[in-house]
Amino acid sequence: MNESLRNIWTILKRELTGYFASPVAYVFIVIFLLLNGFFTFMLGGFFELGEASLSRPFFNWHPWLYLFLVPAAGMRLWAEERRVGTLELLLTMPVTAAQAIIGKFLACWAFLALALALTFPVVGSVYYLGHPDGGAIFAGYVGSLLLAGSYLAVTVATSAITRNQVISFILSVVICFFLILAGWEPVTSLMVRWAPAGLVELVTGFSVMPHFASFQRGVIDFRDLLFFASVIVFSLFGTSVILRGLRGA
Amino acid sequence: MIDVENLIKEFGPKRAVNGVSFTIRRGEILGFLGPNGAGKSTTMRMITGFFPPTSGRVRIGGHDIAEEPIAAKKLIGYLPESAPCYSDMTVNGFLRFTAELRGMRGAQIDAAVAKVAGLCFLEGVLHQSVDTLSKGYRHRTCFAQSILHDPEVLVLDEPTDGLDPNQKHEVRQIIKRMGQTKAIIFSTHILEEVEACCSRAIIIDRGTVVANGTPAELKARAETAGSVHLRVRNVAAETLKSKLGSLPVAGRVSLQDNTDGSLSARVFPRDKSTRADLSLSVAQTATQSGWSFDELHTEEGRLDDVFRAITLPDSVKTRE
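These protein sequence lines map, in sequence, to chains A and B.
Quick note: the first sequence uses my numbering, first residue 123, plus one each step.
Quick note: the second sequence uses my numbering, first residue 3, plus one each step.
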């Protein structure tokens, strides 16, 4: 195996076992699943809608659910390293900062993917009750995972800014909230009344909402993939700049 | 193995390290001394590639740490100042993790971990979580990490800090043993440690190197170095002072009354050339005059005196 892949894998493995070595992982997964169930069946009106689809009752809540849960899962990634001082240890190993950033990001993303995968009973329910569009559900999951990845990448960057996990959490919630609001329908419909169309489009362009919406509808569009990929790459690159800056370069 | 050339590090307007240069060859153990905040840790962080220097360069085994960081870092074992460890891991897990990052595999890892666990007395806690360990164990765990891959270059920031006297002794023994084949730099506040294991010492103050030499050379710079100390009984202070002061090789003589009624004289050489003959002359004078003395020795000079003389701010010196 290539040396850099091996380093990424080593770091990924450490982070992931770190999650499960403490109760954090279990608490997180339980809360995630409970909230998902609550939103889907109570607030989402899964049964009242009377359609065999996950788009509205299930995926609709994810941007809001992730808004708090993803920063909570990722806030410690760098902040903790900085607080304890292990950052110095890690970055003086024969490892590049990029490998460490990617390893940590992938570890937490894999953890989120696991939590998301554990929502499978919801899928079972729609299949049991009716004949849903399997492709749309798949696309929804892909979109949800990419959404989580984008929030996570933002959290990775904010977590590198500070040694305080709470600050890291709040910062990433605020940034992710902006990523939602910029394209959230109630906000855009307000903007349309006074702003020129070009500006509305520019602001909405920053939002995860329209891109996530097309996944929700069951469309996997290259442009949406590109959007999420660029949010992730940009944030992770930003993280490497932050890490270099804090070492006084 | 370690080449440090004119290192400068600025944090904003503050210059923490100001033109530090030195080389450490294989088989050398360099003690890195200096008051708190003198720039020791910053220098070590630049050597290990954690801080990029504002200017100057560091080469490890010929590899520039800025240009070939990975090749250089592979040669280094590093113990940071606070001896940080991942607290959510077991000692074994932590050591295996660092071994993997060092590029070891399978049986190699088992052997390396078993070896350092033995060297650093960690066998009993291998499967304990790091955050349940006492400070000494945590420190040794991080130290174990630094020697795990048998590195060519060891950079140790206060390796004996927070250890009990036995552990200090053990760590010094390990450093000394490894120093025969490696290039080692370690910082410390304990001056006896420098005398006990270093082949060379550097004193750094306010970001610049103010002394560089073997411990013996540094000690010779002490004010009292080369003076002869004589302790006599039942001799009048006047006679003692005049007789010793009239010796052709002697310079200043200072006297001190001891609590047990004896009298101590410190005779300084007139100049460097008379150093060698001084103790003999003093001894002859003492026997010829029939003084009863129970102590006579030449002062080597003490490292802490040198350290204090060099690094005390001028304001404090004048106050004293």
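Read the hints as simulated data drawn from the structure, not as lab findings.
One or more hints might be untrue.
Stated by the list, open to error - Which stretches of chain B does chain A cover? Using the computed rule of at least three CB atoms under 8 Å from a CB of chain A, they are:
no., region
1, 46 to 55
2, 75 to 82
3, 86 to 92
4, 97 to 109
Unchecked claim - A few chain A residues facing chain B, derived, Cβ under 10 Å:
no., residue
5, 132
6, 139
7, 144
8, 178
9, 203
10, 217
11, 343
12, 347
What the hints assert, rightly or not - A few chain B positions that, by computed beta-carbon distances, are all more than 10 Å from chain A:
no., residue
13, 71
14, 154
15, 176
16, 202
17, 208
18, 306
Ideal placement from N, C-alpha and C gives every residue a C-beta, glycine not left out.
Hints the structure fails to honour: 8, 11, 12, 13
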